[in-house]
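Novice: The hints should help you fit chains B and C onto chain A, whose structure is shown.
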Amino acid sequence: MGMTVASTPPYKLCDLVDGLEVTIQGDPNCLIENVSTIHQSKPGSITFLTNPAYRKYLATTQASAIILTEEDGKDFVGNAVICQQPYYVYAKIANYFVKKINQTKGVHATAVVGEHCQIDPTATIAPNCVIGDRVQIAANVRIGPGTIIGNEVTIKANTQLDAHVVIYDQVEIGERVRISSGAVIGSDGFGFANYLGAWHKVPQLGSVVIGDDVDIGANTMIDRGAIDHTVIEDGVKLDNHIQIGHNVRVGAHTIIAGCVGIAGSTVIGKHCMIGGASILVGHITLADHVVITGGTGVSKSIHEPGVYSSGVVGAIPNHEFRKNNARFYRLDKLFDRVKALELAVKSYEEKMDG
Amino acid sequence: MGMTVASTPPYKLCDLVDGLEVTIQGDPNCLIENVSTIHQSKPGSITFLTNPAYRKYLATTQASAIILTEEDGKDFVGNAVICQQPYYVYAKIANYFVKKINQTKGVHATAVVGEHCQIDPTATIAPNCVIGDRVQIAANVRIGPGTIIGNEVTIKANTQLDAHVVIYDQVEIGERVRISSGAVIGSDGFGFANYLGAWHKVPQLGSVVIGDDVDIGANTMIDRGAIDHTVIEDGVKLDNHIQIGHNVRVGAHTIIAGCVGIAGSTVIGKHCMIGGASILVGHITLADHVVITGGTGVSKSIHEPGVYSSGVVGAIPNHEFRKNNARFYRLDKLFDRVKALELAVKSYEEKMDG
Amino acid sequence: MGMTVASTPPYKLCDLVDGLEVTIQGDPNCLIENVSTIHQSKPGSITFLTNPAYRKYLATTQASAIILTEEDGKDFVGNAVICQQPYYVYAKIANYFVKKINQTKGVHATAVVGEHCQIDPTATIAPNCVIGDRVQIAANVRIGPGTIIGNEVTIKANTQLDAHVVIYDQVEIGERVRISSGAVIGSDGFGFANYLGAWHKVPQLGSVVIGDDVDIGANTMIDRGAIDHTVIEDGVKLDNHIQIGHNVRVGAHTIIAGCVGIAGSTVIGKHCMIGGASILVGHITLADHVVITGGTGVSKSIHEPGVYSSGVVGAIPNHEFRKNNARFYRLDKLFDRVKALELAVKSYEEKMDG
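Same order as they appear, the protein sequences are chains A, B and C.
If you use the numbering used here, the first sequence corresponds to residues 1 to 354, in order.
If you use the numbering used here, the second sequence corresponds to residues 355 to 708, in order.
If you use the numbering used here, the third sequence corresponds to residues 709 to 1062, in order.
Hints were generated in silico from the structure; no laboratory data involved.
Heads up, the beta-carbon is just placed ideally off N, CA and C, and yes, glycines get one too.
Fair warning: there could be bad hints in the mix.
[Said to hold, decoys possible] Pair by pair, the computed Cβ-Cβ distance ranges are:
hint: 1; chain 1: B; residue 1: Asn548; chain 2: C; residue 2: Val806; range: 33 to 43 Å
hint: 2; chain 1: A; residue 1: Tyr54; chain 2: B; residue 2: Glu674; range: 43 to 53 Å
hint: 3; chain 1: A; residue 1: Gly282; chain 2: B; residue 2: Lys677; range: 21 to 31 Å
[Stated by the list, open to error] No farther apart than 20 Å at their CA atoms in a straight line, the calculated lysine to any residue pairs in the SDA-like style are these:
hint: 4; chain 1: B; residue 1: Lys454; chain 2: C; residue 2: Lys909
hint: 5; chain 1: C; residue 1: Lys1054; chain 2: B; residue 2: Leu697
hint: 6; chain 1: C; residue 1: Lys1041; chain 2: A; residue 2: Arg337
hint: 7; chain 1: C; residue 1: Lys764; chain 2: C; residue 2: Phe784
hint: 8; chain 1: A; residue 1: Lys99; chain 2: A; residue 2: Glu33
hint: 9; chain 1: C; residue 1: Lys909; chain 2: B; residue 2: Asn388
[What the hints assert, rightly or not] If the Cβ cut is set under 8 Å, some of the chain C residues that face chain A in the computed set are:
hint: 10; residue: Ser744
hint: 11; residue: Gly854
hint: 12; residue: Ala965
hint: 13; residue: Gly966
hint: 14; residue: Ala1023
Chain A with its partners taken away, still in its complex shape (with noise of 0.2 Å):
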């Protein structure tokens, strides 16, 4: 961007778009102090339309300037920002927005730090945190306060763990991920033995690797390996909430909703969707460009692209979903009885024509 950028709002539009493959339609020297919603936009705000059934608020939004398609821009009188892809072109004017709080550098007092550590100089450690030995973290890495990293674990440059957060031993993190607080990273996998009726501990000897530009939810947790490593590839990006199971493998630029449940062993390839709540087994395999939708059960291995379901959803008054929910256990005789409904036309029918 140029010299004369403001630093702070409010910004002119054409400053924003600095960069991004777009049009400006309209006055790119308006001013914008800040981001709105298109229905309840106000003068001074930028706002963007995906979503064809907010296109009505096109006529009356309040908005200084709207980021739109060409398609939804030919007939916009406003000030507009014509791209392809509004919500990634949002997404980076959005960006100037981000409160800046001031972090000082280097490693607060309080924090604990053991031996042998390699920490940049440029690096965050904020208050109460405690750090193994061995560690290294990279250039530009900010650690939120109480977050606890074990022993032998790498950061990579311009990784930012929130508060709270926990990395077992021997961890890996690539660069430019984002943690938040309360998730878990190599805790013990979900091994046992049984031997005479009791339940033994298999030890969990391998660790979690995660890639470059991994994002990770708050209270997300990702068990580290029984024998190899987990694999989390880069640029995948896990809501809070989710459980990922000793073993798994995450492919490159997967995207997983909260409350997803993944068990051990299982391999998810690439650019894969995972809907909310959705649950999947362990030691199977989805190919690459696989959607699950939202509270699905996955119980077998996926091999070609697609959009895939489970389930029986839609919540429908009680007393209606009651009576359906007791046929459900009657389904498999209903089958019987409409067999043999079929022969019976069928002798008939020969009868008749006989």
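Specialist: Using the frame of chain A, we list chains B and C on its own:
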């Protein structure tokens, strides 16, 4: 309460119900040392009856007093507290038996407090807390050990945060709120824009606003809004392990059981009840006074009060289940087969009538 | 083990199996450096075979030794450990390959310990722990960094709490227990009494009692009892992300996989197995030796041992799913239609026979 009430057990029965709309049947001066369940009650305890299945224990209970409705109290010969809402009256009485823990007020020496904070002298900040800059903490607030409060957070009077809570920047919390350990409030919502196959973070510029008298369970998390705020209205009660996405609004006095997931931008009415492990998709609206039974997947807006359900619930032996489950996947074909049968039968009817 | 056993790898095969009921086939002195999976094994490693699908790798494995049943070992020409329970024997051998971390015993200078505590000198209290008043911590207990222990907690010998665990007041924890990061034990149960439309907290006066040899996974939580205690009996193994409500009792040696939710007052027998993401409603009882398959909703008590299931599992292409799903909601009507057909056919039968 009067000046002569004991400050520790035993209490006189009449003192325990002081200020409540009840009548005492039997001895108002009987001494109560603790509470018990009706089926495992002991002399010296007070218990209650709300579940009709437990009415049989009325004849044999050892409790020194019991909280009953007028109906249940008719034939009861022991000491009884007669009222319209026994569970509510029990809740109020049980408060006398909560173990008091002395907590030294003020900021513990190991807590790290940022700049320009306003912390009321009656507030308690426990050991190893980390509090950001420009934070406002009102009278009688209690912050448990190791809890992390971001910058510009506001916490109103008489609110209690337990150990290891994380509050992100700018979150607003009302009066008399209780937040249990491991809860994360204000983490980034899950917003990513796809561009050429890779996911790009959409900044989450809103915050979270929590009303008065809200309860938030352990390891529950509430994401901050993308543009506007995520809002939890007054009197909402959230159990453990709940995931609330960005821009959700939960209406006043709604109660949500454990393991529920609510996707982004969904709006829940007032006085709703949502059963455990239910999942609500994003961008839908629930009217006031909607009840969702446990394990339900809600995929569309619900405009009328009532009880709603989905899913297939009720465990049966696995060998029966597998047969019905397999049939589910041929359900569509079964409907076609029944339709064909109906047409065949109709055609015979016509032939036979004709 | 004998005096000459190495304290670090490589180990002699015979030393690794010392004390186990096995026989060695091949060279008892072969050197073992680490463990491997059978399909990715390398010279110097020991592996095992339990999954019949992997038997094909026996012919090509590069491992220096393999743990096998007598049956599988019959035709195997390499070094083998022959035993009845290969996975159990593997678990015991793998213990030798757990990386030892030196931990300084005693209470770290940054830990905050309350009054009247009894902490055994062999216990380890890591940096930034906060321990309440009147806490008892027995021999060889290890408390990880940042862990919070409430007042009047008892922790017996050889128990290990990882980083960032929260133990509320009065919880009792047995011997050789392991609790992973983010777990919360003893938070308030979810009890609220409705009065005139608002919810009033019911004090949770019980606690949590955890037996010996219990494992508790990351971010799993166990609520304290309302009146009596929540109880986890000896040898129970809990995976990550489990929610256990107040007054639940989990019987000895029961194993529960990740993401399971158990509502209040439910009693689970001994030696049960509960699959991932299953949900149990409150106030029910499961007999001993009950197996619940993953994703099941259990809504009634189960009185007999056996395998139980519910739900509709198995993802299929979405366009097929949607048709079946829609049909589910007309299932009750379908039964009526089939009944009508059966009556019609029966009436023709009678006519034709008549």
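Novice: Enumerate the violated hints, using their earlier numbering and listing them in ascending order.
Specialist: none
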